[in-house]
Structure formats: structure tokens, C-alpha cells
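Colleague: Protein chains in written order, with my numbering: chain X, 1 to 253; chain U, 1001 to 1375.
Think of the hints as simulated: they come from the structure by calculation, not from any bench. Mixed in with the good hints there might be a few duds.
Stated by the list, open to error - Sample of chain U residues facing chain X (criterion: CB under 7 Å; computed from the structure): (1) Ala-1069; (2) Gly-1076; (3) Gly-1214; (4) Ser-1221.
Said to hold, decoys possible - Below, computed lysine to aspartate or glutamate pairings styled on EDC-like, alpha-carbon distance capped at 20 Å: (5) X/Lys-52 - U/Glu-1201; (6) X/Lys-52 - U/Glu-1203; (7) X/Lys-67 - U/Glu-1230; (8) X/Lys-195 - X/Asp-252; (9) X/Lys-52 - U/Glu-1206; (10) U/Lys-1220 - X/Asp-51; (11) U/Lys-1055 - X/Asp-94; (12) X/Lys-67 - U/Glu-1233; (13) U/Lys-1220 - X/Asp-252; (14) U/Lys-1207 - X/Asp-168; (15) U/Lys-1220 - X/Glu-42; (16) X/Lys-195 - X/Glu-45; (17) U/Lys-1244 - U/Glu-1107; (18) U/Lys-1373 - X/Asp-94; (19) U/Lys-1362 - U/Glu-1287; (20) X/Lys-198 - X/Asp-48; (21) U/Lys-1220 - X/Asp-22.
Even for Gly, the Cβ is constructed at its ideal location relative to N, Cα and C.
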Amino acid sequence: MTTNEIINPENLVYIKPKVMNDTPMHYCPGCSHGVVHKLIAEIIEEMDFQDKTIGIAPVGCAVFAYKYLDIDWQQAAHGRAPALATAVKRLLPDRLVFTYQGDGDLAAIGTAETIHAANRGENIAIIFINNGIYGMTGGQMAPTTLIGMKSSTSPNGRKVELNGNPLDITKLLAQLDGTCYVTRQSVHTVASVRKTKKAIRKAFENSMEGKGTSVVEIVSTCNSGWKLTPEASNVWMVENMFPAYPLGDMKDL
Amino acid sequence: MNDTKKKSIEEVRLMKGNEAIAHAAVRCGCDGYFGYPITPQSEIMETLMELEPWKTTGMVVLQAESETASINMVYGGAGCGKKTMTSSSSPGVSLMQEGISYIACAELPCVIVNVMRGGPGLGTIQPSQADYYQSVKGGGHGDYKLITLAPASVQEMADHTVMAFDLAFKYLTPVLILADGVIGQMMEKVVLPPYQPRMTETEIREKYPWATLGKPASRKSNVITSLSLEAEEMETINLRLQRKYREIEKNEVLLEEFSCEDAEYLVVAFGTSARVCQKAVELARSEGIKAGLLRPITLFPFPTTQISQYADQVKGMLTVEMSAGQMVDDVRLAVNGRVPVEFYGRMGGIVPSPDEVLKALKDKIVKRQLIEKEL
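Start from the sequences, fold in the hints, and give me the full structure.
Modeller: Structure representation (C-alpha cells):
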């Protein structure tokens, strides 16, 4: 069988979503961002929402999300994505509006914007990548950095007396009356990728049905920030991140 | 009497400057207001909430959790090609500077109202003009300018709201209405602008093809951003911004002159100070001092050329501000040492009286001229 014979529509088992561009990603090999981007692209395509979606990109590693997904984007100042999304959705109520934010963006500098958008029950979806570190700026301590976890600004490990406690902001968001769906997922196995896809799809559908704010946290790896191989990062995440940030739905109304 | 005239007479209303801004915003087809309460401008959002424009024009009004959120909501709305605005007073506007810098770089149209109060810090709720530097010299980080309008009456609060949106969309830049507590709080007669419909989405897509309204198959995706990591690219953006600011300087200077034709002494003041100075000029004239008033209506672009021309006519200038003296720098740059330029001002929320201004004019400019003549 020749190569050309193999390239045949009936042999097709997988195709890159049309909503994804061909731009090579700047993400490190082993990083979770690429997988989550692809899931979002697939869902937008499946919902036939390419012309109805406005994404809000953060500051952090995903600042360039707009290079990879072929939809309209606004890139926000650090932490302000939920404020932008609030206005976009209120002015264009029939559009799908989502933010894509990291832990520094969402749980430190943007805490107020996140909590208040969620508490108002803005009909937006918040995709929250939690890898416990500032990736873009070179591996500094994040609000979600674990106790004892090393980072460039906690070189001897995070200490409560010096750095305070890790912030489980997703648990906090689940307490708010404005959220309709709050879940914590991961993308480190095939099964978890499938579950995350379902979660993001539900979040997007909730937004369109006007049910309130949906939050999908994805506990993620940052192997370059964690100074581990991609494979070791997955193991480390399961052993250390999951006990502190257990997976599953926290709220599903 | 024609219909338009009849209609405008009917629509003469008595209201506060802050209320006039709210009414004008709804009438000129504003799509969204996002704000946070702060004295002395809270009537803007209060009036909008009472007007409930979402039931009539469809305008969105939202009380945000902070000024930071407000200005970023404005960014989001402006990025969709919508007419969006916010308002605040000095400390709140300081908090907005991050967002304003982003909006200027992303070249988004919007209107920001600053009803100034005395600072620094929490300061006072009394009127001030001490945010001149912040308004016209940048405010936030990076090289950018805001078109800055300085209303001096309730009528201008209404008129400038309409004009600010027009300029914002003409140049794709944030426009600042720089009022102060007096103009915001005082009640005067005002003729409100006529109603104009909000832009339809089709109109926005046609006129502002960069707007993020959702990507149809027919075009590339739109991205609103202020990020450009490559230095050469970022310099290109900066050069484009600077070209825009030169264009604005060429086309959009506005000022008002009062008793200037034969003036030997020129008073330069904006906003509330200009109202006080007009009276001071009248008092000076009644004493035989040939004084005139130049009131910049746009602070950026600044009427540099016009002030420079007066340096060939007058013997001296007095700049009057409710600050330690900020605009006086720009007057001095325009005059470039050809005639003396002196300053008189009050701070911390105090409005100078016409008598004080007259005395300052005599002491600092007129007497000095006489002494120099005798020597």
C-alpha cells in the first residue's frame, strides 16, 4: 500500500479542527495549554459557533491564544478578562463569550474581576488553567502554588508563614449564587481529555442558555516551570496537585 | 418659527452638569456605560439608572466592582465597535490609567469623564483642576495622548459628550471629558442634544471592520490587543499613534476668546477657572485695564499656535488654575519667553474669586509692566 492510498477519506480517523490555525504553538512540549486549545476549537466547530464566538485572552502564557484559534479575540490587561467578557456579553447577548485565564491572572491580580463577574452571574464561560506557577514570566510563585513547592520566588519551597496559603479560588467561586456550573478537570490522560471536553461544552451551552457563569478549572502541568520532564510532570501533578485540587464537579445546576 | 427651533426651546431644561452628561449619552446613541460611584460625579450613573435606557434605546448600564473593572468593561465594549463610556473623579481616574493606556494602544474609541476633585490622595470632594498633567501628558504608561475636552458649563457637558464620541470614532482613540466638581454639580439651563439611534451591527461591521462581533467565514479573525513583542513592530505602532496625535493637533483645536481683540493682558484659564476669569476680565476692563480671556476648550490638542500669536499682541499673560500650576507650563512653552507668563491658583478644592484673580493680574503682570517701564 502506498502513502497516497493510505491518504483516503475513508481511512480518516482524526483531523485538526478547522477552528485551529496552522501557526506553530509557542507552548513548551508537555504543556497542557495546547490540548485545551484544541478542545475549545473542536467544541466551537461542533457547535457551529465560529462566527458567534468572542474569546478573551489573558496575560500569561496564553496571551497568544488568539494566534491559534481562528475566532475573534480580545486580549485583556492582566486579570481583567472577566470585565471585558462582561461588557462583550452584555452588549452582544446572543454571542458565545469565554475567558481563558491562568492562575496568576485569575486568582491573584484578577481576583476581584473574577469573583464579581461570577457573582453577577454573567453568562460567560471561564476556562481556568491552574498549573500552580507563573509560566510566562519564568516560574514565579502563583496564588495556587502548593505548600513546599519550589518556584523562582519561593526557591526554598512555599511556606505559609512567609507566603500565605494556596488559594482554592474555584471552591470559592462554587459558593457564589451567580455560578451555575463549577468543575475541576485535567487533560493528562485520554479519559480526562474527554471529560474536560464535555465540561467545556457544558460551560459553553450554559452561557448560551443564560444560566449564569460557568467555571472549568483544568489542573495543568508546567514542566518547564516545574523543572520536570513532561512525563514526570504528569506523575507529579497526580501525586501533588490532585490531593490539593481534587477533580470533579463542585456545582452543576 | 421652524420646527427645530421650536423643539429646542421646548427642550430647555434645568439640570446639573453630571445629569446633562447622562442624558446626552443616552440621546447620542451610547451603547454602554460602566462606572463606579465616587463624589462629585455619582449623579451620572444615578441618572442613567433612573432613565433605564435599556428599556428604550437598549443602552447597557452597569455598576462595576471598581474603576479598574469599569475601564476594562469599556475596553471590551469598545472592542466590539460599540459606543461605550465611563465616568469617575480623580482618585478613580488614577485607578483607570492602566486600562486607558491599553485602550489608547489598541486604538479603541471610548469616552471617559473625569469630574475632578482636590488631591493628591483621597484629598477632598471639592472641585479642583489638578489632574491636568495626568490628562494631557499621558497619565498611564507609554507614549500616548488623550483628546481632552474641558467643558465650562452644563451646556458644554451635554455638547462635549456628543462631540467626544464623534472624535473617539473619528480617530479611534479614547477621549477624556475633563470637568471639575463645580461644572458637575452646578445647575444651569441646557438644551439637550437630539436623539440619534444606536449603531446597528451591520453599520458597525461596515464602518469599523476591526470590531470583534464574531468572525464570519468571509474575513480573517479580528484581534484587539496592545501587545507586540517585536521592537520594530512596536515602534511602528508608536509611530502610527504619533501621526494620529499630530493629525489631531492640526484639526481639532478648540478655544473661546473673550475681550481679546484689543487686549494688552491675556488671562488663560479652562473650565470653572475660566468662568471666574471672565468676571475678573470684566472687572479689569471696568478699571481701564485692557484684559482678555483665552479659554482652551481642548486641552489636548492645546491651542499653542493661538496663544503664541497673542504673545505678539499682549504685554503679559496670567494663567489661572485650581492647582499648583500645571497648564501654565504649556502656556509658557507656547509663549517661549517672549512676554512674562505668571500663574495664580488655589488648591485643595478652593475656587478662586474674581477679585483674587484681578489682584493677581495687577500684582503679577500689570504692575510689573509699569515698574519695568519706569526703569
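Colleague: Among all the numbered hints in the text so far, which are the ones the structure does not match?
Modeller: 13, 14, 18
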